[in-house]
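Asks: The numbering of the sequence shown is my numbering, which starts it at 1 and goes up by one.
Hint data in this document are derived by calculation from the structure and do not stem from the laboratory. Computed from a predicted model, the values in this text were never measured in an experiment. Be aware that one or more of the hints could be misleading.
[Unchecked claim] Heads up, simulated BS3-like pairs for lysine-lysine below, C-alpha to C-alpha not over 30 Å straight-line: (1) Lys-4 / Lys-55; (2) Lys-32 / Lys-11; (3) Lys-127 / Lys-51; (4) Lys-51 / Lys-4.
[Claimed, not checked] Restraint-style ranges between C-beta atoms, simulated for each label pair: (5) Gln-102 / Glu-46: 32 to 40 Å; (6) Asn-43 / Gln-8: 54 to 62 Å; (7) Tyr-47 / Ala-2: 29 to 37 Å.
Heads up, the beta-carbon is just placed ideally off N, CA and C, and yes, glycines get one too.
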Amino acid sequence: MADKINNQDLKATYGLAILTGRERLLSYPERKEPLNFDWQDQNGNEYHLGKVFFKDNEVVLQCAIMATDNADFWLKYNSFFQEIAKPNWQQLFIEDHDMSYQFFYKSGNNFKHSLKRLKNVVKVFVKFDLTILVKSNVL
Numbered sequence: 001m002a003d004k005i006n007n008q009d010l011k012a013t014y015g016l017a018i019l020t021g022r023e024r025l026l027s028y029p030e031r032k033e034p035l036n037f038d039w040q041d042q043n044g045n046e047y048h049l050g051k052v053f054f055k056d057n058e059v060v061l062q063c064a065i066m067a068t069d070n071a072d073f074w075l076k077y078n079s080f081f082q083e084i085a086k087p088n089w090q091q092l093f094i095e096d097h098d099m100s101y102q103f104f105y106k107s108g109n110n111f112k113h114s115l116k117r118l119k120n121v122v123k124v125f126v127k128f129d130l131t132i133l134v135k136s137n138v139l
C-alpha cells in the first residue's frame, strides 16, 4: 500500500511524495466554543455543554513531485491539482496511519524547482507546501 488521494497512488500516478506534515493529521481537533450566555444578575457565564463540537484541522503537508523532465512535471502537476481541487470532499489515505481523511484543497505555495541527479540521471524535483482543510472525524 501507499499514500493515496481518491484511491490513486500518489507516487505512481503523480510522482508525488509527502515529505513532512503527516503527523499533523494526528492532532486532535480543537473544540468549538460552546453556546453560552452572560446573565447580568449572575456571576460568570452559563455554558451549554450538552453537545460537543470540533473545528476542522488546517494541515500543511510539505510535498515533492519528481519527474523525468519539465513536460512530465507539468503533466503530473496539472493532473494532481485538478484531482485535489475538484468539488466536494476528497479522500487522503495515509499508509503510516492506516487511516483515511476527508479534506479539501486550500492552497499550494513555496514552490522550489531544482534538478537532482539520481543514479546518474537528471530528474526534475519540485518541493512545495500543500495546505488542506481536514474534516473533523470525531464522533
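Asks: Does the structure break any of the earlier hints, and which numbers would those be?
Replies: Hints 2, 3, 4, 7 not satisfied by this model.
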